[in-house]
Amino acid sequence: MVFHCIFLVQKRALLCNRIYHLTIQLIFYKSGRSQVVSLDPPPMAWRTLDQCINNYLAIMKLRHYLCAWLLLLLTVPAHAVTTGFKQAPHIQVELVSQYQSVSPGQSFLVALHLLPQEHWHTYWLNPGDSGMPTSIQWQLPDGVEVSGIQWPTPEAFSIPPLMNYGFEGSTVLLSEVQVPADYSGTSLLLKANASWLVCEEICIPGDMTLELPLAVARQAVPSEPFQALIAQGKASQPVSLQRTASYQVQDGVFSAVIESKDDLLVDAFFVAATDLVEHARAQEISWQDGSLLLRQPQNTYFHQAPDQIEMVLISGSQSFVVQAQRMDAGSAATVTAEFGLGAFMLALLLAAGGGLILNLMPCVFPVLSLKAISLANNSGDSARQKRDAWSYTLGVLAMFALLALVLIGLRAAGAAVGWGFQLQNPWLVGGLAYLFFALGLSLSGLVQFGSRLMQLGSGLGQQQGAKGSFFTGVLAVIVASPCTAPFMGAALGYAVTQSAPVALLVFLALGFGMALPFLLLAYSRRMARLLPKPGAWMDTLKQWLAYPLYLTTVWLLWVLGRQAGVDAQALVLVGLVCLAAALWLFGRHQLGLGFRLAPQLSWALALLALLLLVVLQPQQGSQSSSTQAHWEPWSPARLAELTTEQQPVLVNMTADWCITCLVNERVALNTDSSRQALQDYGVTYLKGDWTLRDADISIYLQSYQRDGVPLYVLYWPGKEPLVLPQILTPNTLRDQLAQLAATSSDG
Amino acid sequence: MKLKQLISALALAGTVTAVAAAPQVGAPAPDFTVIDSHGQTHSLADFAGKNVILEWTNHDCPFVVKHYVSDNMQGLQQHFTEEETVWLTVISSKPGSQGHVSPEQANELTASRSANPSAVLLDEAGTMGRAYDARVTPHMYVIGGDGNLLYMGGIDSIPTANPEDIPKADAYLANAGNEVLAGQPVSNPVTRPYGCSIKY
Numbered sequence: 001m002v003f004h005c006i007f008l009v010q011k012r013a014l015l016c017n018r019i020y021h022l023t024i025q026l027i028f029y030k031s032g033r034s035q036v037v038s039l040d041p042p043p044m045a046w047r048t049l050d051q052c053i054n055n056y057l058a059i060m061k062l063r064h065y066l067c068a069w070l071l072l073l074l075t076v077p078a079h080a081v082t083t084g085f086k087q088a089p090h091i092q093v094e095l096v097s098q099y100q101s102v103s104p105g106q107s108f109l110v111a112l113h114l115l116p117q118e119h120w121h122t123y124w125l126n127p128g129d130s131g132m133p134t135s136i137q138w139q140l141p142d143g144v145e146v147s148g149i150q151w152p153t154p155e156a157f158s159i160p161p162l163m164n165y166g167f168e169g170s171t172v173l174l175s176e177v178q179v180p181a182d183y184s185g186t187s188l189l190l191k192a193n194a195s196w197l198v199c200e201e202i203c204i205p206g207d208m209t210l211e212l213p214l215a216v217a218r219q220a221v222p223s224e225p226f227q228a229l230i231a232q233g234k235a236s237q238p239v240s241l242q243r244t245a246s247y248q249v250q251d252g253v254f255s256a257v258i259e260s261k262d263d264l265l266v267d268a269f270f271v272a273a274t275d276l277v278e279h280a281r282a283q284e285i286s287w288q289d290g291s292l293l294l295r296q297p298q299n300t301y302f303h304q305a306p307d308q309i310e311m312v313l314i315s316g317s318q319s320f321v322v323q324a325q326r327m328d329a330g331s332a333a334t335v336t337a338e339f340g341l342g343a344f345m346l347a348l349l350l351a352a353g354g355g356l357i358l359n360l361m362p363c364v365f366p367v368l369s370l371k372a373i374s375l376a377n378n379s380g381d382s383a384r385q386k387r388d389a390w391s392y393t394l395g396v397l398a399m400f401a402l403l404a405l406v407l408i409g410l411r412a413a414g415a416a417v418g419w420g421f422q423l424q425n426p427w428l429v430g431g432l433a434y435l436f437f438a439l440g441l442s443l444s445g446l447v448q449f450g451s452r453l454m455q456l457g458s459g460l461g462q463q464q465g466a467k468g469s470f471f472t473g474v475l476a477v478i479v480a481s482p483c484t485a486p487f488m489g490a491a492l493g494y495a496v497t498q499s500a501p502v503a504l505l506v507f508l509a510l511g512f513g514m515a516l517p518f519l520l521l522a523y524s525r526r527m528a529r530l531l532p533k534p535g536a537w538m539d540t541l542k543q544w545l546a547y548p549l550y551l552t553t554v555w556l557l558w559v560l561g562r563q564a565g566v567d568a569q570a571l572v573l574v575g576l577v578c579l580a581a582a583l584w585l586f587g588r589h590q591l592g593l594g595f596r597l598a599p600q601l602s603w604a605l606a607l608l609a610l611l612l613l614v615v616l617q618p619q620q621g622s623q624s625s626s627t628q629a630h631w632e633p634w635s636p637a638r639l640a641e642l643t644t645e646q647q648p649v650l651v652n653m654t655a656d657w658c659i660t661c662l663v664n665e666r667v668a669l670n671t672d673s674s675r676q677a678l679q680d681y682g683v684t685y686l687k688g689d690w691t692l693r694d695a696d697i698s699i700y701l702q703s704y705q706r707d708g709v710p711l712y713v714l715y716w717p718g719k720e721p722l723v724l725p726q727i728l729t730p731n732t733l734r735d736q737l738a739q740l741a742a743t744s745s746d747g
Numbered sequence: 001m002k003l004k005q006l007i008s009a010l011a012l013a014g015t016v017t018a019v020a021a022a023p024q025v026g027a028p029a030p031d032f033t034v035i036d037s038h039g040q041t042h043s044l045a046d047f048a049g050k051n052v053i054l055e056w057t058n059h060d061c062p063f064v065v066k067h068y069v070s071d072n073m074q075g076l077q078q079h080f081t082e083e084e085t086v087w088l089t090v091i092s093s094k095p096g097s098q099g100h101v102s103p104e105q106a107n108e109l110t111a112s113r114s115a116n117p118s119a120v121l122l123d124e125a126g127t128m129g130r131a132y133d134a135r136v137t138p139h140m141y142v143i144g145g146d147g148n149l150l151y152m153g154g155i156d157s158i159p160t161a162n163p164e165d166i167p168k169a170d171a172y173l174a175n176a177g178n179e180v181l182a183g184q185p186v187s188n189p190v191t192r193p194y195g196c197s198i199k200y
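For the record, the sequence lines run as chains A and B. What the first sequence shows, in the numbering used here, is residues 1 to 747, in sequence order. What the second sequence shows, in the numbering used here, is residues 1 to 200, in sequence order.
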């Protein structure tokens, strides 16, 4: 056999006369197929360099037969930086370390280097319609950790009607190894069981166990000859982009929206999940108002949308990776959270604990102390004390049950109109900001809320008998409400996502926690003595508790700013100033200070604050008003009227939470060309908003066998209503109208 | 280069798949008329009233080999044909490509692997495969006695070529077939098929 070899030898070796530890890998070229033969110890290793060079020159004379690459290499015998290429059918595989000796506490990269035969490929994390991703099972010494594969940017391989994603040519799959700081061994054996599928048209699965022993030393030593390979591995990976991105799979379409202020030009994208997009179908990519919009039909075998997916974006010769969160369709899905017994017990416990803490609130504590004193006075009759304590508990529980029922009722009413107790409504958010700010000011001592109720509660609390105790309980809950909002908020947050009985139990636990000290007092005298005395510390505690409320207000304002824009936010801030002034005046009035008309002015300011909230115009609203000329709201009556008048009509059923709908509107409906087309053909554009699950729209959707949006229907006089595709292109509308106009004029 | 390849691939794919639409579970399964390895012609209508299982195959595909060396496929064929279900093995490889066989070779493969299909259909034009949007080998379908498609997808849940994974996997096809036999709705009617691409 004729072969031709090149030795690449490290400089150090070239200076030596003798080459001792030389491992030579020769690539024999025969009939176009490569094969690596590892000669270990190679016969030539014991020759002098001169002999070797002579040999090389002799072989060079036979050069017209074949050409060859390759390589290499020379190392310390015990520890290597590469396993060297191992041959498997149609592919060569090696494991390479970034460092030849590593130190404890260090992290370094290890490359699984795949070299498939020309025109053959291996697969990406998402292999596409067929194929299988390369995988590595590591066996490492105790404490040594390894990351998953850091995937390079894939290539698309089209085998109509299928599409695959993978890698041709030299492929470097990097993983990061972390050596623990207390690693005590003198060597580190990296053992990797790699398995892959290598395909041209046909596919061959392969697997191999590769072992790479590394030295462990105090000083880490990089493996110089392989820095280029590691760099190649890093360079082939997409660059991580920190962008807000969300995606949705709905009504047969995968859509993703990526915030992209700098107009990142994306030519193609890859989704790192197997069953989301129909890989072989065309991708649609567009840019609108600082967002990148990506769409592709949904995979036939779509099963489940993960919470988060990775997407690789190709932009010219560059590639980027972003994490996209799943965006839920509608609010209903988020309300039905999973019910877990553990979480439920914890919630009950927390609620009871929260209830207990409520007793320390300045609004409640005086009641508690009075009751404690009255109990201490009635030292003789322990049976009556117990009866009183249980009556009080019953009163508190009754009040909490009532609160829970009101909440459940509200939720049921809210769900009926599609309002899922979420902060979707800017007016609600603004109102909550007012509420929390006012409560904070009250805790800060600017004003006293419910002081009259509190007095009443104290008065009843001083009454004797079971009835008095029951009402003390009821009133304690009422007077406590200004202080309890932050604690109730957490319980509320959990309870609204649960079924009615669970929500009720959580509230009852809260109430039980609040009543607990009284029960303990009735059953144990000592407890009464342990009670701290009311005093100035209570006021200080109360004032400290104002700050979490102010922070909550800030958070709500931020939410509002995101929802409705900075103008609306400023309006609500002005409202907060009015509210502060109103409360200040009212507080002074409570103290008997201030001028005669102070209470009236205070009410006027509070009303002004509310008025400011009412006139709040979210930016979305102002946007829709600018397009008012272009569409009008859909109603069954309006549609019937127009169709009986033989007018062409376009119906668009949409919802704010439907990305596909919004994308279609931006790309295909709100464009100048489409507006012009609607005008040219005299089409009335009716838009139905299903964001809040309008019942009329649900019926309309059902009449077209749909249970979701988007739905686009074009009515042309004398024709059956035409349902447009769910993905609209910029020309869809104009083309369809032209076609309808042409066919009707023919007929 | 990568990009150009992708764009041309996408453009091509767009034109090709615009025609082929995947069949829908719950809707009538696409009809077919294909000759089997004994020269007999079969259509879906011939099996009215019987449950039908379709298995796309390519005897050299490692994912198919996985289910034949382990006797998993033969076991499924035997189980379902004993339960009066028609099992049709379909070969859609075009002449000259991997998996394409002559009628004699097909019968020989059936004998040598102790396979038990009701018939081996030779769909070398790929008409039946495209009608079903069959993508990989093995790609599995279950059709009810009323002619409606009840299951499409993978044979099981672990997409590897390693026979050792078969016992660990969820047996999607077996479960679907048994549910159909029991008259129950199929719990996982659409799963991701895995394997080698069909050589159309």
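In case anyone wonders, no lab produced these hints; they're calculated from the structure. It is possible that some hints are incorrect.
Unchecked claim - Partial pick of chain A residues on the chain B-facing surface, computed with a CB cut under 8 Å: (1) S130; (2) I136; (3) L162; (4) L197; (5) C203; (6) I204; (7) M208; (8) T274; (9) T300; (10) H303; (11) A305; (12) D539; (13) D694.
A virtual CB, placed ideally from N, CA and C, is assigned to each residue, including glycine.
Taking the hints in turn, this is what the structure says about them:
Given the 8 Å rule on beta carbons, the hint for S130 of chain A holds: about 4 Å separates it from the nearest Cβ of chain B. The beta carbon of I136 of chain A is not positioned within 8 Å of any beta carbon in chain B (closest approach about 14 Å), and the interface hint is therefore violated. For L162 of chain A, the interface hint holds, the least distance from its beta-carbon to any beta-carbon of chain B being 5 Å, beneath 8 Å. Checking L197 of chain A against chain B: minimum C-beta separation of about 7 Å stays under 8 Å; hint holds.
Because the smallest distance between the Cβ of C203 of chain A and any Cβ of chain B comes to about 5 Å, under 8 Å, the interface hint for this residue holds. For I204 of chain A, the interface hint holds, since its Cβ comes within 8 Å of a Cβ in chain B; the closest pair sits about 7 Å apart. Interface hint status for M208 of chain A: violated, as the beta-carbon distance to the closest one in chain B is roughly 14 Å, over 8 Å. The criterion of a C-beta within 8 Å of any C-beta in chain B is met by T274 of chain A, whose closest approach is roughly 6 Å, and the hint holds.
Evaluation of the T300 of chain A hint against chain B yields a held restraint, the C-beta minimum of about 4 Å falling below 8 Å. This hint holds: H303 of chain A has a C-beta 7 Å from the nearest C-beta of chain B, less than the 8 Å allowed. Hint on A305 of chain A is violated. Least Cβ distance to chain B is approximately 14 Å, over the 8 Å limit. A cut of 8 Å between beta carbons decides the hint on D539 of chain A: the least distance to chain B is about 63 Å, and the hint is violated.
With a least beta-carbon distance of about 29 Å to chain B, the hint placing D694 of chain A at the interface is violated under the 8 Å criterion.
Checked against the numbered hints above, the structure violates hints 2, 7, 11, 12 and 13; every other hint is satisfied.
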